[in-house]
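Student: The lines below spell out each chain.
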Amino acid sequence: MKIVLKKVNKFYGKLHVLKNLDLTIESGEKVVFIGPSGCGKSTMLFCINALEPIQSGEIWVGDTPVHNSHHKVIRKVRQKVGIVFQQFNLFPHYTALGNVELALKVVLKMDPEQAREKGINALKRVGLGDKLDSYPSQLSGGQQQRVAIARALVMDPEVLLLDEITSALDPELSGEVLEVVEQLAKERGITILFVTHEIPFARRVADRIIFMDNGKVVEEGPPEILLNNPRKERTKKFLSKILHY
Amino acid sequence: MGYVFHFRTIWANWQLFVHGLMVTLEIAILGMAAGTVLGIIGAVGRNSKNKIARIISTSYVEAIRNTPLLVQLFLWYFGLGFLRIDISPFWCVVVALGVNNGGYLTEIIRAGIEAVKEEQIKAGFSLGMSKLQVFRYCVIGPALGVVFPAVSNQFVISILASALAMIIGVRDLTYEAVNLQAHTFRSIETYIVAVIIYIVLSKAIIQFMTILDKRLFKYKHV
Amino acid sequence: MDISYIVRELTYIDLPGIKFMLKAALVTLGLSGAAIGIGSCIGAVVGWVRTFKIVKSNLFLWGLTAIYVDVIRGTPLLLQVYMWYYALPVLTGVETSVFLAGIGALCLYQGAYVSEAVRAGLEAIGKTQRWAGRSLGMSYWQTMRYIVFPQAIRIIIPPFIGICLGVIKDSSLVSTIGFIELARSAMIVGRRTLYPLPPWLLAAAIYFVICFPISRLSQKIEKKLRKGQKGE
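Respectively, the protein sequence lines represent chains A, B and C. Under our numbering, the first sequence has 76 at position 76, and the numbering climbs by one with no breaks. Under our numbering, the second sequence has 274 at position 29, and the numbering climbs by one with no breaks. Under our numbering, the third sequence has 579 at position 112, and the numbering climbs by one with no breaks.
Careful, some of the hints might be misleading.
[As the list claims (entries may be wrong)] List of simulated lysine to any residue pairs, SDA-like, C-alpha gap at most 25 Å:
hint: 1; chain 1: B; residue 1: K463; chain 2: A; residue 2: F91
hint: 2; chain 1: B; residue 1: K463; chain 2: A; residue 2: S140
hint: 3; chain 1: C; residue 1: K687; chain 2: B; residue 2: I301
These aren't lab readings, by the way, just hints derived from the structure by calculation.
All chains, full assembly: derive it from the sequences and hints.
Tutor: Here it is, written out as structure tokens:
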């Protein structure tokens, strides 16, 4: 599904977080967003599935406008756009399987047997087939994040928004999560928007890398070009700070 | 002390105590059930975006918290009479206790709802759930889990508050005790028995609620 | 339906009745004040005693305090009022007046709840604070007075105000044995004028006017106390 942002402006109170943002993501593209903290990358993700409202501009997910839409329209959009949060946000009162099948039963009104089967498959896919009945408090950070990914995937979304999904994890645990995402990027025709600091991963997996600063797109391009030969000064500065050659 | 204890009259009338206990339990349980429903509605109203809902629920809570249950009981008793509604004293007490509980439970449940992290709610919406679905599946469960001890406490308070039923003639445990001592003049024995029953009952309720907490909210105890 | 009759049923209360009820409201305040005053002293002492290691480890001593605290908190106040009025004379052979029964029951009731609040407050101040005081050479009393007590009082005050509010409301229960305070006055006026509802509406309004400012004040105090703690 194609995603288009046209002249999007978003304010948090007086803070201008997204400034006339223009962006087009083609269907099936895997795009990684990098940039300093507070530059609006996560906010942009939250605007795409209307968790945050925008003050002006347009956001289109496929053929559907997300800005100014009726909440019934937005709910339909959210069934096609999956999101995984930095803090996992699993429901503590449901087991891993419970978390994953909840939306299937409640939103898609799926038959409980079917939902359970789909849920089990989704968890197996992320390598947690043996943790179906564990509660989030019993799982490690990496496992919880994988459950969160399964929860988003089980809805068969056409777009996947990943908001710094490894930033809250100990370094040893990010590996297992990134593996899952890499698998996803290869096997499905799904559009992925990944906000992250994991540069080596981006280099391997991304079709395009977009560098944002201060609510705007500064530079974008395929990984080989953007990471090795950035054109803008700001990009060079940022990269020199986070890359360790 | 020079007082001789005669418990025989008590044993002979044990049925009265049992009946009274049953009535007390009925009043307390019904009062809690009604109170919980009103509490959830009130808690939603307190934080609602709708100004009228906020005003109504805040007034409700403040009216309940700043007047004695006794006064509320008589207001219901005479008020329902004024409205020409024919209601038995038993149900009158249940209504009074239920509405009273609702006021306190509104604040308790509201604290529980506010304790649910915003990210959980965002996660629910991001899966495409409606407001009602998010409330039902992501909010109310954890909210009650957080404040369950306070809810249990309110249950015990209900048991003790149910004693007011005797004032309008409902035959609860306190009524039976007072009635019995008036007939037999065995004041101390009757009251000791009543006191023991209430204390045992309170402890039993707390135990029951603890077990219920472990059953309903398994995730808190893993 | 006669409109004027309906209105009267809701609002009829004569001037002598209003004066009587207002005087009774003063009695309620006096009664509550006495119960709070005496009860809090009892409660503070009992609560403090319950923090002693000697008491906590000794089953007998702890049991003694528990008999007081757990019994008072585990039985209805109404039953306790009746016990004071009907059972105590049988036990002691002395006729208890309505006045004594009312005050006695309320004092003990206030005391039991205050003792738990005081205990919680004192126990919240950890060992390390006491050690700091002792290691500076302070005696037990000095540690209590300068270190433990000032911190504990912050924790104790909000629940304490809540308990006091509770006593003001629960004082209405002594009306059942004939003590003439606000609730009883509503019963009396209602029986006299044959319109029972208006006196109860007035009583509710008076209780509200007494209690609402106190609970508002309590919320403000709570906010202030919390601010202080965060700043530290």
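Student: Next, verify each hint and record whether it holds.
Tutor: For each hint, the structure was consulted:
1. B/K463 x A/F91: Given that 25 Å is the threshold and the Cα spacing comes to 13 Å, the pair holds.
2. B/K463 x A/S140: It holds: about 19 Å lies between the C-alpha atoms, which stays within 25 Å.
3. C/K687 x B/I301: At roughly 22 Å apart (the allowed maximum being 25 Å), B/I301 and C/K687 satisfy the hint.
When each numbered hint is compared with the structure, no violation occurs for any of them.
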